[in-house]
Every structure is written in C-alpha cells, then in structure tokens.
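Trainee: Spelled out from the first residue to the last, the chains are:
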Amino acid sequence: MSDSELIRIYLETKEVEHLRVLFERYESQLLGYLIRILNHRQDAEDALQEAFCKAIRGLPNYKETNQFKAWIHRIAHNEAMNLIRKRGRIREEPEILENAEAEGSDVSAQLIRQEDQQLLEQAIARLPEAERRVVLMRLKSDLPFKEIAQIESCSINTVLGRMHNAKTRLRAQLKGGLA
Amino acid sequence: MNPEERELLLLFWSGELDEPENQRARELLQRSPEAQAYFEELKELEAAAASLADPPRRGIAGRSIDSFKVESGPRRRISVAHLIGIAAASAILVLAAAKLFVKPVRDPVRPETREEISVVADSKRKTGFEVFDVEPDSDVRIRLEAARERIRLLRSRMIKS
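Order-wise, the sequence lines are chains A and B. When we follow our numbering, the leftmost residue of the first sequence carries the number 1, and every step to the right adds one. When we follow our numbering, the leftmost residue of the second sequence carries the number 1001, and every step to the right adds one.
Bound-form chain A, shown alone (with noise of 0.2 Å):
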C-alpha cells in the first residue's frame, strides 16, 4: 500500500494501525539522519518522536501526493535544526552506528567492511554541517536534490554545490578508496 493510499485511509478511519505502518516505514533511515545530524541518539529519538508527533498533527492538511517522504523528511530536519539551535553548537563525539550484522562466512572481509564503513561514517561526520546535511539526504535517505533544495530554504544551485565540495573532502579524507 502506497504512503498516500495509507495516510487517505488513516483519514478516513482514524485508525492508527495505518499511521504505524507509514511511520515505521521511515524510522530506521530518519533516526538515522538525525544520530548523524546531532550526534546524539537520545537527541535524536526526541526529535525523531516531537517530528512524528507535529506529522500526525499536520496530516489533515497534508497535500502533497507522493511526497510523504520529503515531507517527513523536512519536519525531521527542522526538529533537528531546532535542537541545534536550543543547545547552541552540535555536540562534538560523533555518533558511529554500528551494523548489526555478526554472523557471515567471511569473517574477515566482513571486518574490512565495518572497517570501511566507519571510515565513511567518521568522513561524514567531519564534514561541514550543511555538506553533511546534503550528503546523508541525497545518500541515505535517497532524496533528490529538488526536495533537499526545499528542505533546506536554498537554491538547488546552492545545494549542488555543497554535494560537490562534500565529495571532493570525502575523496581527499578516504583516499586509496573503500575495498
């Protein structure tokens, strides 16, 4: 069932089973957005929880068909801005999240793996923090660089520009490339 097909739905019948399902669908990759924006995952799940919360009030006006996902999206980030703006600066220990996966015939080619994703996820996190923005919406949650324009209240130009300076500083901090 599509996001709008759901939401349609949870309209119609008020029943939350519908919302849970459309919620669940983004907590994963939206709490990892926003551990990755603050660097703190209890920061993170309030945000994530106060974003849920402002949607689920927001859903009688909601609009735009097919567009769930960017919607959801910027009131996340702007819950997280909000925050960055409450405590002042970003906390400084970046927040690395770990795969889960443990059980694999390769061993060791599974330890080169984790190895170079934290070496991805420590690149990031080093990033300016309206580069990393880009990046993680672009890479992780897929978004395309019209919507994070939106997102962010900047020009796509602007936001085009960030991803190729973002590239060009992960290139230089992973040089030699990912196995």
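Keep in mind that the hints were calculated from the coordinates and are not lab data. Heads up, a few of these hints could be off.
[Said to hold, decoys possible] In silico DSSO-like cross-links for lysine-lysine, where the CA-CA straight-line distance does not exceed 27 Å: (1) A/K14 - A/K54; (2) A/K54 - A/K146; (3) B/K1043 - A/K175; (4) B/K1043 - A/K146; (5) A/K69 - A/K54; (6) A/K63 - A/K146; (7) A/K69 - A/K14; (8) A/K63 - A/K86; (9) B/K1043 - A/K140; (10) B/K1043 - A/K69; (11) A/K140 - A/K54; (12) A/K69 - A/K146; (13) B/K1043 - A/K167; (14) A/K167 - A/K146; (15) A/K63 - A/K140.
[Claimed, not checked] Between beta-carbon pairs, the in silico distance windows are: (16) A/L11 - B/F1101: 42 to 48 Å; (17) A/V21 - B/S1090: 38 to 44 Å; (18) B/R1155 - A/R8: 39 to 45 Å; (19) A/G58 - B/P1056: 33 to 39 Å.
[Stated by the list, open to error] Which chain B residues stay away from chain A? Per the calculated CB distances, all over 10 Å, these: (20) H1082; (21) I1142; (22) E1149.
Because the structure is a prediction, the values reported are computed rather than measured. Glycine included, each C-beta is placed from N, C-alpha and C at the ideal position.
With the hints as your guide, set chain B onto chain A.
Mentor: Below, chain B without anything else, positioned relative to chain A:
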C-alpha cells in the same frame, strides 16, 4: 569541467533531468574522461553510503502515536450537519423564548371591534380628535424590554455552552 557541467552530472546521477538534458549529460560523459571519472566517483560514493547502517527500529512511531493520543485526548469531530442542527435548535429556542415573553398585546390605541370603531368615529366627529389618541402603554414597553434582555441572556449562555 566547468560548474555547469558538474551540476548537469550531479542531476543526471540523481535522476532528476528531463530527456533532452539526459542526452546532454550522456554526450558529455562520452566525450570527457574527466566527466567520466567524476561520475564514477559519485557512483562509488553512492554504493559505499548504501552500506552504511541504519539504526534498528526503536518503536518511536508507536510511542509517538500513543503520546499524541495522550496529549490530545479523544477529539470530538463536529460535522457540518451537527453545526446546522445546533444552529436550528438555537433559533427555535430563541423563538420559543421570545414567544413566551412577548405576548401579542392588543394595541389600546387602535380600535378593533365594530363598536369601538363607531365610538372613535363618533368622538372624532364630535371633538375633532381621537378618544384613544394616547402614548403607547409604558407597561408594554417594559415587558418588551424585559423579554429582549432575557433573550440576550439566553443567547450568551448558549454561546458559552
């Protein structure tokens, strides 16, 4: 590669171009090794980022729904039909109240029965002015004012409730 070409490649990689621009990007990739290298790096980065972990689900979606329910409580939705019903009931109440308090008062000035008419006509003929040519009864005015006041009160109570 100039900034415009870079932007073209970024949008091509993101799948956000229309067909003529897609064609432009493909031609650029065919003729420029630099563009090819840039595009390969983008694809490499995309593949690497795809392997980055997402945190396990924490059930925040469910918590949000539950906390929202607690926050807002059960909300009664008033439909248009309900609103029309309430308005109609209010109007009926106001009218009923008005009917209770404003009884039709027979105008003492205006003659109604045949006898009265003949008396008035007779007095006019004899005196040149009407016998009942007096100011409206002040008691009627007081009762009207009281009725209006009660309607005002009733209306304000209904709005409050």
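Trainee: If a hint holds in the structure, say so; if it does not, say that too.
Mentor: Now for the hints, and whether the structure bears them out:
1. Between A/K14 and A/K54 the alpha-carbon distance is near 16 Å, which keeps this suggested pair within the 27 Å criterion.
2. With a C-alpha separation of about 23 Å, the suggested pair A/K54 and A/K146 falls inside the 27 Å cut-off, and the hint holds.
3. A C-alpha spacing of about 16 Å is found between B/K1043 and A/K175, which places the hinted pair at or below 27 Å, so the restraint holds.
4. Our distance criterion of 27 Å between C-alpha atoms is met by B/K1043 and A/K146, whose separation comes to about 19 Å.
5. With a C-alpha separation of about 14 Å, the suggested pair A/K69 and A/K54 falls inside the 27 Å cut-off, and the hint holds.
6. Simply put, A/K63 and A/K146 have alpha-carbon atoms about 18 Å apart, close enough for the 27 Å limit, and the pair holds.
7. For a cut-off of 27 Å, the pair hint linking A/K69 to A/K14 stands: about 21 Å separates their Cα positions.
8. Between A/K63 and A/K86 the alpha-carbon distance is near 30 Å, which puts this suggested pair outside the 27 Å criterion.
9. Of the supplied pair hints, the one linking B/K1043 and A/K140 holds, its CA atoms being roughly 13 Å apart against a limit of 27 Å.
10. For the proposed pair B/K1043 and A/K69, the alpha carbon gap of about 23 Å is at most 27 Å, so the pair holds.
11. Between A/K140 and A/K54 the CA atoms are separated by roughly 23 Å; this keeps the pair inside 27 Å, and the hint holds.
12. Distance hint between A/K69 and A/K146 is fulfilled; the C-alpha atoms sit about 13 Å from each other, no more than 27 Å.
13. Straight-line distance between C-alpha atoms of B/K1043 and A/K167 comes to about 11 Å, which keeps the hinted pair within the 27 Å bound.
14. Distance check on the hinted pair: A/K167 and A/K146 sit about 18 Å apart at the alpha-carbon level, within 27 Å; holds.
15. A threshold of 27 Å between alpha carbons decides the hint, and for A/K63 with A/K140 the separation of about 25 Å falls inside it, so the pair holds.
16. Remark: the range hint 42 to 48 Å for A/L11 to B/F1101 is upheld by a beta-carbon distance near 47 Å.
17. For the pair A/V21 and B/S1090, the beta carbons lie near 43 Å from each other, so the given range of 38 to 44 Å is met.
18. Checked against the hint of 39 to 45 Å, the C-beta distance between B/R1155 and A/R8 comes to roughly 40 Å, which is consistent with it.
19. Look at A/G58 against B/P1056: about 27 Å separates their beta carbons, and that is not inside 33 to 39 Å.
20. No beta-carbon of chain A is positioned within 10 Å of the beta-carbon of B/H1082; the least distance is around 17 Å.
21. The claim that B/I1142 lies off the interface holds: its Cβ sits roughly 52 Å from the closest Cβ of chain A, which is beyond the 10 Å cut-off.
22. Against the 10 Å criterion, B/E1149 stays outside the reach of chain A, whose nearest CB is about 42 Å from its own CB.
Checked against the numbered hints above, the structure breaks hints 8 and 19 and satisfies the rest.
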